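Add chain B to chain A, keeping to what the hints say.
Protein sequences, first through last, are from chains A and B.
When we follow our numbering, the leftmost residue of the first sequence carries the number 1, and every step to the right adds one.
When we follow our numbering, the leftmost residue of the second sequence carries the number 182, and every step to the right adds one.
Hint data in this document are derived by calculation from the structure and do not stem from the laboratory.
Just so it is clear, the structure is predicted and the values come from calculations on it, not from any experiment.
Each residue gets a CB set at the ideal place from its N, CA and C atoms; glycine is no exception.
Certain hints may be false.
Below, a list of computed lysine-lysine pairs in the DSS-like style, where the Cα atoms sit at most 27 Å apart [unchecked claim]:
hint	chain 1	residue 1	chain 2	residue 2
1	A	Lys92	B	Lys274
2	B	Lys216	B	Lys279
3	B	Lys274	A	Lys129
4	A	Lys42	B	Lys288
5	A	Lys52	B	Lys216
6	A	Lys52	B	Lys279
7	B	Lys258	A	Lys38
8	B	Lys274	B	Lys338
9	A	Lys38	B	Lys279
10	A	Lys145	A	Lys129
11	A	Lys38	B	Lys224
12	B	Lys216	A	Lys38
13	A	Lys78	B	Lys274
14	B	Lys279	A	Lys42
15	B	Lys286	A	Lys58
16	A	Lys38	B	Lys338
17	B	Lys330	B	Lys224
18	B	Lys260	B	Lys279
19	A	Lys52	B	Lys274
20	B	Lys330	B	Lys262
21	B	Lys250	A	Lys58
22	A	Lys90	A	Lys78
23	A	Lys58	B	Lys224
24	B	Lys262	A	Lys38
25	A	Lys67	B	Lys274
26	A	Lys160	A	Lys145
27	A	Lys42	B	Lys260
28	B	Lys274	B	Lys231
Sample of chain A residues at the chain B side, in silico, Cβ under 7 Å [unchecked claim]:
hint	residue
29	Cys36
30	Thr54
31	Thr70
32	Phe74
To spell it out: a stretch of chain A is covered by chain B in this simulated footprint if at least three of its residues, at any positions, have a beta carbon under 8 Å from a beta carbon of chain B; those stretches are [stated by the list, open to error]:
hint	stretch
33	22-35
34	38-50
Listed below, chain by chain, are the residues.
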Amino acid sequence: MKKNYLILILLLIGTRSISQFNSANLQAAGLTCAMCSKAINKSLEKLAFVEKVTADIKTSSFDIVFKKETMVDFDAIKKAVIDAGFSVAKLKITGIFSSTAIQNEKHIQLNGKTFHFLNITNQILDGEKTLVITDRDFLSAKEFKKYSATTKMTCQQTGKAGSCCIKDGIEKDTRIFHVTI
Amino acid sequence: MTIKNTIVTSFIAFYAGTVFAQPVIGRLAPEISLKDINGVTQKLSDSKGKIVLIDFWASWCMPCRRSNKDILPLYNKYKSKGFEIFAVSLDEKPTDWKRAILADKIKWMQVIEEGRWDGSVATTWGIELLPTTFLLDRDGIIIAINPTKGQILSLIKKSAP
Numbered sequence: 001m002k003k004n005y006l007i008l009i010l011l012l013i014g015t016r017s018i019s020q021f022n023s024a025n026l027q028a029a030g031l032t033c034a035m036c037s038k039a040i041n042k043s044l045e046k047l048a049f050v051e052k053v054t055a056d057i058k059t060s061s062f063d064i065v066f067k068k069e070t071m072v073d074f075d076a077i078k079k080a081v082i083d084a085g086f087s088v089a090k091l092k093i094t095g096i097f098s099s100t101a102i103q104n105e106k107h108i109q110l111n112g113k114t115f116h117f118l119n120i121t122n123q124i125l126d127g128e129k130t131l132v133i134t135d136r137d138f139l140s141a142k143e144f145k146k147y148s149a150t151t152k153m154t155c156q157q158t159g160k161a162g163s164c165c166i167k168d169g170i171e172k173d174t175r176i177f178h179v180t181i
Numbered sequence: 182m183t184i185k186n187t188i189v190t191s192f193i194a195f196y197a198g199t200v201f202a203q204p205v206i207g208r209l210a211p212e213i214s215l216k217d218i219n220g221v222t223q224k225l226s227d228s229k230g231k232i233v234l235i236d237f238w239a240s241w242c243m244p245c246r247r248s249n250k251d252i253l254p255l256y257n258k259y260k261s262k263g264f265e266i267f268a269v270s271l272d273e274k275p276t277d278w279k280r281a282i283l284a285d286k287i288k289w290m291q292v293i294e295e296g297r298w299d300g301s302v303a304t305t306w307g308i309e310l311l312p313t314t315f316l317l318d319r320d321g322i323i324i325a326i327n328p329t330k331g332q333i334l335s336l337i338k339k340s341a342p
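Isolated chain A (complex conformation) (with noise of 0.2 Å):
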């Protein structure tokens, strides 16, 4: 009881920070081995806010780290994905959070952009966080159906702001990402 209080209070004074999302880790399916084509390595590379491109043995999937202080387009990521003849199987993104409160189903702002959370339990993050993607093309389909089964809100179908999103004040078409942790 004491904790959902403090999320209220947090949420009132609207404690809202995120320094930064500052890294990454995508996994990325297709035919053949991703990690092993120079034009996947070469189209994430090009991303004006990537720093780095690794490959991560155990998980054979990317790492990604972010530069300081740039606008990071997550669609820009499954784009240059998609561009290099691949998919995106799952995108963990990680941020520095201070006392950021988040509720299940509902929408908040984090670093310049709208996020929405799904199938989580109500709050505080501090410290590094790392959340999922659950848009559509961000994870396969039968995960993307499985994450959609855990709203009724049409946001998640399209990943930009409808009817049931305008009442919390957001403009109508806002690109929304919905995230899970």
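Then chain B, alone, in the frame of chain A:
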């Protein structure tokens, strides 16, 4: 020239560029001069007189790791008959590279392309995908690209030193 023509021409130029960037079968293999695990520069041309399989790979490339295991018995059997593997790693972390060499029990020549995909050796050899392998005869001529084990064996058998 119309815009359409320009687009078509540049597309052809780009396509031709990617296709012909790779060394051609029947030509002399371009030199490779890179550092081995001890930091000593090793040259491909020093293997002249041997049948050489050039193997572009990396520790995180799972298909490469499978073919390492696959080729090991063949290497052990025929190295005394003049069969050599010259492996070029595109690893970014030398520790990963060294660990993979130990794990896969690699005894053949190992060098590292520190420039990775953009390094001069990787670009000279037109590497777009790992693994990519080239089979050279005893004169250093490229005989096959991505040869099968059968192709390697038949070259070893028909070309006694």
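Tested hints:
{"no.": "1", "hint": "A:Lys92 - B:Lys274", "verdict": "22 Å, holds"}
{"no.": "2", "hint": "B:Lys216 - B:Lys279", "verdict": "13 Å, holds"}
{"no.": "3", "hint": "B:Lys274 - A:Lys129", "verdict": "26 Å, holds"}
{"no.": "4", "hint": "A:Lys42 - B:Lys288", "verdict": "32 Å, violated"}
{"no.": "5", "hint": "A:Lys52 - B:Lys216", "verdict": "24 Å, holds"}
{"no.": "6", "hint": "A:Lys52 - B:Lys279", "verdict": "22 Å, holds"}
{"no.": "7", "hint": "B:Lys258 - A:Lys38", "verdict": "33 Å, violated"}
{"no.": "8", "hint": "B:Lys274 - B:Lys338", "verdict": "38 Å, violated"}
{"no.": "9", "hint": "A:Lys38 - B:Lys279", "verdict": "22 Å, holds"}
{"no.": "10", "hint": "A:Lys145 - A:Lys129", "verdict": "24 Å, holds"}
{"no.": "11", "hint": "A:Lys38 - B:Lys224", "verdict": "25 Å, holds"}
{"no.": "12", "hint": "B:Lys216 - A:Lys38", "verdict": "22 Å, holds"}
{"no.": "13", "hint": "A:Lys78 - B:Lys274", "verdict": "26 Å, holds"}
{"no.": "14", "hint": "B:Lys279 - A:Lys42", "verdict": "25 Å, holds"}
{"no.": "15", "hint": "B:Lys286 - A:Lys58", "verdict": "19 Å, holds"}
{"no.": "16", "hint": "A:Lys38 - B:Lys338", "verdict": "35 Å, violated"}
{"no.": "17", "hint": "B:Lys330 - B:Lys224", "verdict": "24 Å, holds"}
{"no.": "18", "hint": "B:Lys260 - B:Lys279", "verdict": "22 Å, holds"}
{"no.": "19", "hint": "A:Lys52 - B:Lys274", "verdict": "13 Å, holds"}
{"no.": "20", "hint": "B:Lys330 - B:Lys262", "verdict": "16 Å, holds"}
{"no.": "21", "hint": "B:Lys250 - A:Lys58", "verdict": "18 Å, holds"}
{"no.": "22", "hint": "A:Lys90 - A:Lys78", "verdict": "10 Å, holds"}
{"no.": "23", "hint": "A:Lys58 - B:Lys224", "verdict": "32 Å, violated"}
{"no.": "24", "hint": "B:Lys262 - A:Lys38", "verdict": "35 Å, violated"}
{"no.": "25", "hint": "A:Lys67 - B:Lys274", "verdict": "20 Å, holds"}
{"no.": "26", "hint": "A:Lys160 - A:Lys145", "verdict": "17 Å, holds"}
{"no.": "27", "hint": "A:Lys42 - B:Lys260", "verdict": "37 Å, violated"}
{"no.": "28", "hint": "B:Lys274 - B:Lys231", "verdict": "30 Å, violated"}
{"no.": "29", "hint": "Cys36", "verdict": "4 Å, holds"}
{"no.": "30", "hint": "Thr54", "verdict": "5 Å, holds"}
{"no.": "31", "hint": "Thr70", "verdict": "22 Å, violated"}
{"no.": "32", "hint": "Phe74", "verdict": "23 Å, violated"}
{"no.": "33", "hint": "22-35", "verdict": "holds (count 3)"}
{"no.": "34", "hint": "38-50", "verdict": "holds (count 4)"}
Comparing the model with each earlier hint shows violations of hints 4, 7, 8, 16, 23, 24, 27, 28, 31 and 32; every other hint is respected.
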